[in-house]
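Asks: So you can see what is in the structure, the chains are spelled out below.
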Amino acid sequence: KQEVTQIPAALSVPEGENLVLNCSFTDSAIYNLQWFRQDPGKGLTSLLLIQSSQREQTSGRLNASLDKSSGRSTLYIAASQPGDSATYLCAVRGRGSTLGRLYFGRGTQLTVWP
Amino acid sequence: DVKVTQSSRYLVKRTGEKVFLECVQDMDHENMFWYRQDPGLGLRLIYFSYDVKMKEKGDIPEGYSVSREKKERFSLILESASTNQTSMYLCASTIINTEAFFGQGTRLTVV
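Protein chains in written order, with the numbering used here: chain S, 2 to 115; chain X, -9 to 101.
Here chain S stands alone, though its shape is the one from the complex (with noise of 0.2 Å):
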């Protein structure tokens, strides 16, 4: 059963700084990796879609990489700010017997004070 990790669970810096989330995976078989923002109560925000066939994947302040054959990515976070808090979760999209099921992790809570 695929198994989805994100180190740190929390996260508390001052605004300006970049930053790297960490998410790691055990089957390296998936067709994608999607990070996403939820704030609290709310539902979930996708940031980034990485395909198995990329390495990274850049929106705006965001990059995403992916290294499928080691089961990690990274996110990347430039210059944060205050409106960057929020909990951000990775998820893995399955290939084979677990086709189209999306497992997550339990998020990194982040916290960006002024």
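None of these hints come from the bench; they were simulated from the model. Only a predicted model underlies this, so the values are computations on that prediction, with no experimental measurement involved. Please note: incorrect hints may appear among the correct ones.
Covered by chain S, per the in silico footprint, the following chain X stretches (three or more residues, Cβ under 8 Å) [as the list claims (entries may be wrong)]:
#1 32 to 42
#2 61 to 73
Under 10 Å between C-beta atoms, here's a sample of chain S residues computed to sit facing chain X [to be verified]:
#3 A11
#4 R107
#5 T112
#6 P115
Backbone N, C-alpha and C fix where the C-beta goes; we use that ideal spot for every residue, glycine too.
With chain S fixed as given, assemble chain X onto it according to the hints.
Replies: Here is chain X on its own, set in the frame of chain S:
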């Protein structure tokens, strides 16, 4: 803009009631999912559906059932609500090689 809409943001139900949570998507997606989210446990998959009238159990299906009569709608049913089903419920839809989109969540309290 893509949209996944859950019928309620907040619900309060009594123990033993039959509860329906509705999810509608407007993207013609085949795959739809129901998760529950609890502090310290993360997102846990209850049921998912690959297509109309098709469903598969997730990790915690006990006490729940689902219905997918039309492609755009995926309903989660709590047959007899219990207090341990108090949680945040999240619906998602996708096709296999694209982004998954989530609804805004339903906070269910069973008293």
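Asks: Can you give the numbers of the hints that this structure goes against, from lowest to highest?
Replies: Those not satisfied are hints 2, 3, 5 and 6.
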